[in-house]
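Engineer: Given chain A's structure and the hints, the job is docking chain B onto it.
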Amino acid sequence: MNYNWHWKVLLETEPGGTGTYLHYLIVGLGWTLATALAAWVIALAIGALVGTLRTTPLKWAVRMGNLYVEIFRNVPLIVQMFLWFFVVPELLPKGLGDWIKQMPPPWSSYLPAVLCLGIFTSVRVAEQVRAGINSLPRGQRMAGIAMGLTEAQTYLTVTLPQAFRIILPPLTSEFMNVIKNSSVALTIGLLELTGRARAMQEFSFRVFEAFTAATVIYLLTNLIVVVLMRALEKKVRVPGLIVAAGAPQAGH
Amino acid sequence: MSGFDFDVIQRSWVYLFREGMSFTLTLTALAMAGGIVFGTLLAMMRLSSMKPVSMFAGAYVNLMRSIPLVLVIFWFFFLVPYIGAWVIDAKEPIKVGAFWSAAITFTMFEAAYYCEIMRAGIQSIPRGQVWSGYALGLDYWQTMARIVLPQAFRNMLPVLLTQTIILFQDTSLVYVISATDFLGAAAKVANRDYRLVEMYSFVAVVYFVVSYGLSSLVRRLQDRIAIVK
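Those sequence lines, one after another, are chains A and B.
All residue numbers for the first sequence refer to our numbering, where the first residue is 1 and numbers rise by one.
All residue numbers for the second sequence refer to our numbering, where the first residue is 253 and numbers rise by one.
Isolated chain A, as found in the complex:
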């Protein structure tokens, strides 16, 4: 292959005049992380709630939880992005919809992207939380009830704390999925890392330098997340439990 590499392009000034291309990409990483982290907070909150509801004896709660999971699991992420960006503001009351549409960029893309990613990921978190609670021995819940705790107290003090410690490894990979999936937000105009690599390629015509740089930044980010999470996993691991590799799951 005869491609002339020109790595110095990373140190040239990008047309927006904010600094070098390298700086431009690093700011993109900042947006990627800001989107992923905000979405992760939403995903954890809703996912924990929905996942827990689906393990309760309440029939209607289980059914609502199942409905929620099926809806957001069976529509592609990019279509959900478009729904949040193009469709939802039209369905809201006019004043609120216009306010969202008229937010200055990048917030007008950031807000829908965070909501979309948060809810999309909450479904996967809910599945993990449910699996975690179901993997506990039944005796744990029964012992809680026998000690006079209410159903809610049993969840809060007995089952959920254990379940979260068990599902931390799969949650780590879900967190890395949020970081990767935030790249879909470029389709609604959020200039995160992949979006900026694409823009850099268009401005500078240096295709492979731009994508290689973005790839390396993603790999480094992954590495840091893995190292941090492995340390955390080691700390909160339930003593005496063999850490199972878990059943192979389909996913991205």
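One or more hints might be untrue.
Stated by the list, open to error - Residues from chain B shown here face chain A by an in silico Cβ test under 7 Å; the list is partial:
| hint | residue |
| --- | --- |
| 1 | Ser318 |
| 2 | Pro320 |
| 3 | Phe330 |
| 4 | Val332 |
| 5 | Leu448 |
FYI, nobody ran anything at the bench for these hints, they're computed from the structure.
Treat the numbers as computed from the prediction; the structure is a model and nothing was measured.
For every residue, glycine included, the Cβ atom is placed at its ideal position computed from N, Cα and C.
Structural biologist: Same frame as chain A, but now just chain B:
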């Protein structure tokens, strides 16, 4: 909101399915077939006792699983013309359409995910099965083809199919290289007639119906396989 306009869907649905959905389904089928073949080979490589082979496969799979699909799509969109030129020994990068670029991208990307599933499938087979194959005088390829892989495939069938449903949904990301898949076709109509609400809602409903239907079928299959075991 000025009323939901069903008319635009009625006018365009034939185009959406004939142009868009056929693109999406062909791409899904090709990438599934190619992805499972390459994924199985990668899984065999990862489990190989030859260190360089397993390290290469491991590095490939981990690389693909560490970067976003959108970035992979961009990579291959620009890379495939160069690889093509290198293969046929041309001076200039060759022209590759969006469809073939996407087909190669998804095959190579999904292979990494199918690989992990097949690896788990192969590892779930008791070692005695392999030894008895060798004891019967079969070589490595015969043991794999006749004893290990058929069982691994059957055990992993539900997961492989679930991954394929995810692949079906993910093909909508070819939007970023302006291919006319189901979403791309709908986006074209939506922007032409300025009917974004209607078109994107319709797309979401169609994807939901297809994915939900398929995953219900997979669940039923899973139950049947579980009883057989």
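Engineer: Now tell me if each hint is right for this structure.
Structural biologist: Consistency of the hints with the structure:
| no. | hint | result |
| --- | --- | --- |
| 1 | Ser318 | holds, 5 Å |
| 2 | Pro320 | holds, 4 Å |
| 3 | Phe330 | holds, 5 Å |
| 4 | Val332 | violated, 12 Å |
| 5 | Leu448 | holds, 4 Å |
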